[in-house]
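There are 2 protein chains.
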Amino acid sequence: MTEANGTVLSQFRDTVHKIKSYEEALGLLYWDLRTGAPRKGMDTRSESIGILSADMFKVSTSPELGELLSALEEKGANEELSEIDRRLVTETRKDYDRSVKIPPKLYQEYVVLTAQTENKWEEAKENNDYAGFQPYLDKVITSTNQFIDLWGVKDTRYDVLLDQYEPGMTVAQLDSIFGGLRDKLVPLSAAIAASPHQPDTAFLRQSFDKSAQKEFSLFILQQMGYNFEAGRLDESAHPFATGLNPGDVRITTRYLENDVTSALFGTIHEGGHALYEQNIMPELTNTTLCTGTSMGIHESQSRFWENVIGRSRPFWERYFGNLQKQFPGQLDVSVDQFYRGNNIVQPSLIRIEADELTYNLHIIIRYEMEKLIFNGGARAADLPALWNDKYKEYLGITPPNDAEGVLQDVHWSGGAFGYFPSYSLGNMYAAQFADTMERELAGMWSLVGNGDLHPIKDWLAERIYKYGKLRTPSELVQSVTGKALDPQYLVDYLTKKYTDIYKL
Amino acid sequence: MTEANGTVLSQFRDTVHKIKSYEEALGLLYWDLRTGAPRKGMDTRSESIGILSADMFKVSTSPELGELLSALEEKGANEELSEIDRRLVTETRKDYDRSVKIPPKLYQEYVVLTAQTENKWEEAKENNDYAGFQPYLDKVITSTNQFIDLWGVKDTRYDVLLDQYEPGMTVAQLDSIFGGLRDKLVPLSAAIAASPHQPDTAFLRQSFDKSAQKEFSLFILQQMGYNFEAGRLDESAHPFATGLNPGDVRITTRYLENDVTSALFGTIHEGGHALYEQNIMPELTNTTLCTGTSMGIHESQSRFWENVIGRSRPFWERYFGNLQKQFPGQLDVSVDQFYRGNNIVQPSLIRIEADELTYNLHIIIRYEMEKLIFNGGARAADLPALWNDKYKEYLGITPPNDAEGVLQDVHWSGGAFGYFPSYSLGNMYAAQFADTMERELAGMWSLVGNGDLHPIKDWLAERIYKYGKLRTPSELVQSVTGKALDPQYLVDYLTKKYTDIYKL
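Just so you know, the sequences run in chain order A and B.
The numbers in full-length UniProt numbering rise by one with no breaks, and the one at position 444 of the first sequence is 444.
The numbers in full-length UniProt numbering rise by one with no breaks, and the one at position 249 of the second sequence is 249.
Treat the hints with care, as some may be off.
Said to hold, decoys possible - Covered stretches of chain A, going by a simulated chain B footprint (3 or more residues, C-beta under 8 Å): (1) 27 to 40; (2) 43 to 55; (3) 344 to 354; (4) 415 to 427.
Stated by the list, open to error - Straight-line C-alpha distance at most 20 Å; calculated EDC-like pairs for lysine to aspartate or glutamate: (5) K40(B) - E353(A); (6) K40(A) - E283(B); (7) K101(A) - E91(A); (8) K210(B) - D234(B); (9) K58(B) - E229(A); (10) K214(B) - D259(B); (11) K40(A) - E257(B); (12) K457(A) - E229(A); (13) K184(A) - D382(A); (14) K40(A) - D409(B); (15) K58(B) - D55(A); (16) K139(A) - D155(A); (17) K58(A) - E235(B); (18) K214(B) - E235(B); (19) K325(A) - E257(A); (20) K40(B) - D500(A); (21) K58(A) - E283(B); (22) K105(A) - D259(B); (23) K40(B) - E283(A); (24) K503(A) - D200(A); (25) K139(A) - D435(A); (26) K40(B) - E229(A); (27) K40(A) - E229(B); (28) K371(B) - E353(B); (29) K392(A) - D332(A); (30) K58(A) - E64(B); (31) K325(B) - E283(B); (32) K105(B) - E283(A).
These are calculated hints, taken from the structure and not from any lab test.
Source: prediction; values computed, not measured.
Even for Gly, the Cβ is constructed at its ideal location relative to N, Cα and C.
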């Protein structure tokens with residue numbers, strides 16, 4: 001590498017490192033707010049977060065960074081870059097072009113608007129008052145449409161939003177993927193509902209000591225290979241995982257006295273996210289490639305651990321004894337009863353409480369609604385009726401009110417349109433990865449049955465985790481499974497699992 | 001105010017707010033490192049701290065800030081400012097002028113050097129290896145001398161360093177203050193040593209349950225009026241208090257199983273620091289005036305609560321029953337025995353374990369050594385012998401090795417020359433404030449004896465805390481006590497207290 005190019009590269013890496021340091025500081029400021037920051041300091045804290053975020057945005061959109069990128073994109077210089085640096089240039093360019101198109105003033109207004117709208121949403125949900133929320137939501141939709149115009153429309157307007165969370169994903173692809181999924185899951189769900197072999201869940205409705213729940217969460221994380229020297233487990237109202245750096249990937253969970261499964265599966269879910277971030281190759285530290293490659297792939301890991309592993313029969317054949325010991329005299333059922341009770345399928349109104357199967361229908365509904373908004377011109381006033389119609393069509397139930405319907409999710413208030421599909425993509429990726437793992441990792445289910453989970457974690461680390469953002473989602477799924485994303489794996493997985501449980 | 005001046009003022013306030021936000025983020029990054037950050041993330045975390053600190057330094061020394069300051073210092077504009085803004089301009093100018101004189105490259109090198117020297121110090125202390133540490137300490141001394149030259153020598157070179165921690169304090173003043181103090185304390189200490197009435201401390205050498213210690217710490221903080229909605233108590237290896245903002249002032253403490261008094265008095269000490277920061281007037285929030293006015297005044301508050309209140313007889317007449325209940329059957333002594341046992345005076349080698357009286361002699365030794373270094377040209381090689389001579393002279397004991405002698409404190413490794421005097425200044429300010437409080441707050445000691453501590457906190461808040469950095473240390477002590485700092489108050493306080501305890 002020429003000396004001049006070396007200098008440019010080093011300045012570029014310093015700028016990226018700076019962005020990453022701001023992300024770490026902001027990540028900690030948020031984590032702290034949610035895990036135990038004193039109430040009275042929160043307003044000032046929010047202002048500090050605003051100021052640091054604005055500074056980070058400024059660095060990310062600085063003309064200096066633009067010039068460094070241009071210099072490193074020149075043919076001669078670009079050819080001299082390592083694979084990591086080349087990808088870092090590509091990814092940084094993408095973020096840069098996206099961000100510089102937004103005038104800082106518009107961005108500031110948007111930040112304020114979405115913060116207000118989230119507050120309004122909280123009130124509206126509590127008071128079942130969609131009318132009070134509607135004008136705010138309309139403004140967020142209008143702002144999002146402005147951003148779409150500034151970024152430049154792709155095949156459809158909604159494609160622009162999808163690309164934020166799942167790089168390269170399009171309406172054309174999702175229509176086909178979700179169409180296929182919907183056509184299979186709706187009849188499967190109906191067959192399950194008609195089965196006379198409904199699991200018993202009565203034994204789950206008990207009071208479970210919170211500190212015993214915590215002990216079990218810690219035990220399961222340790223079994224999964226979560227590294228406690230590079231993380232910690234805390235409590236928060238809404239569980240989350242946050243990777244401050246690969247040596248500091250934190251998890252939170254929530255212990256509900258009357259629901260032992262909430263913290264249990266919540267911890268495994270966040271543990272899956274955390275394993276991803278803990279196992280990124282060290283070479284990516286201090287770069288913006290040091291994170292999951294997309295929301296969908298990230299979600300595939302939380303859901304792989306939560307559902308594919310954590311809700312499997314072999315898993316409970318191994319660990320149910322431990323759970324029983326943790327709650328003496330409380331779980332006097334067979335492993336089979338426990339397994340089936342934790343895999344009940346039932347159409348329900350609330351996405352975050354949905355089972356592994358119908359969950360995807362909740363997502364398809366939101367996907368179709370977002371398409372109607374951005375490609376079909378639907379406005380906030382149209383959404384409650386559209387929502388209720390779709391719940392009737394796909395799940396056969398109608399929300400009794402908007403609080404349990406269109407107002408249930410925070411995402412739209414914060415402007416996170418295009419995010420929902422990631423959840424179902426996660427389920428699909430997880431099933432496809434699991435299929436490959438079953439074929440390539442000898443005795444995979446015996447490992448689970450023996451509580452020998454580390455080879456599973458290591459396989460995922462080697463094939464997925466270590467690459468961070470070095471591979472795009474489509475490159476990754478192709479390299480791991482030899483194929484593009486195919487929803488049939490999820491359909492097959494669910495059909496097989498529930499045919500057994502419900503004796504279809 | 002003219003519109004133009006209003007705009008300048010608002011830009012200035014925004015810049016100050018930005019600096020304060022960086023301080024909050026950095027404060028949290030440090031707090032987290034010390035209270036529970038995962039070990040494996042610490043290296044990356046340190047780099048992030050370095051990057052954010054450098055950015056904060058850049059904002060604090062930017063030409064833009066210099067221009068805003070100049071504009072606000074112009075007579076017309078300055079007259080239009082509120083008292084708060086005028087002080088903010090004065091204080092910011094002082095910091096600005098200090099910082100801009102240091103070339104960024106030199107500052108960076110200094111940050112790296114002191115970090116290395118602190119690591120070397122840790123090793124050297126552990127291995128009693130002064131020779132290995134000496135060249136590093138010499139470099140820190142050389143760098144500090146460079147800074148003194150860049151800042152500009154005052155009456156003496158060492159004055160420049162003192163002013164960093166206690167604005168306005170000089171060698172001329174301290175020579176007189178410490179001279180008077182030493183002349184009184186050395187004979188008092190000798191009389192105490194000669195007294196036949198030595199307190200019994202055997203009952204303190206027991207094992208005390210840590211969670212019971214924690215409960216008592218929380219109880220005492222609540223009694224002092226520490227606001228738990230604006231703070232929290234955690235554990236760390238070295239106790240500290242940190243004010244992230246006035247609504248978020250955190251304390252840490254350390255529970256030692258074989259020493260119940262360490263956490264007890266440590267918590268009260270840090271609680272005193274925290275009360276100061278929690279009670280600064282809201283108008284100073286988001287400004288750099290929102291902190292204690294000097295290290296000495298800050299220390300006066302921790303020491304007032306720890307020693308004047310927390311080691312007083314009335315305090316234990318009220319609270320010893322609670323402590324006994326906390327450790328059933330373990331503290332079967334009289335209040336008087338407990339009180340006297342916690343006020344034993346004995347020459348000792350280690351500053352941080354010293355009693356309330358001889359502590360000041362440890363500080364005077366360090367003060368005289370720092371003068372020898374910066375005004376007398378002493379080098380690192382000279383320090384062990386000088387140290388041992390002074391311990392012999394003032395305390396009548398000689399360290400058996402450097403680890404328990406000149407290597408005991410971290411301060412010099414980090415370049416914190418000029419800091420030590422603050423500790424004794426804190427004792428002196430505390431005694432002088434207490435004298436005023438006794439005269440002005442009716443029945444002060446009855447309040448303590450009744451466990452009614454809030455009026456004491458309120459008095460301090462009204463006279464001291466609320467002003468933050470709005471008054472300089474000398475203005476503050478003058479306004480509160482009607483006089484300049486006078487060491488005689490401390491001498492009188494100690495003489496009275498120990499004449500009683502040791503029946504002199």
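TODO: Check each numbered hint against the structure and report the violated ones by number, ascending.
DONE: Hints 3, 4, 5, 9, 11, 13, 14, 16, 17, 20, 21, 22, 25, 28, 29, 31 and 32 contradicted; others consistent.
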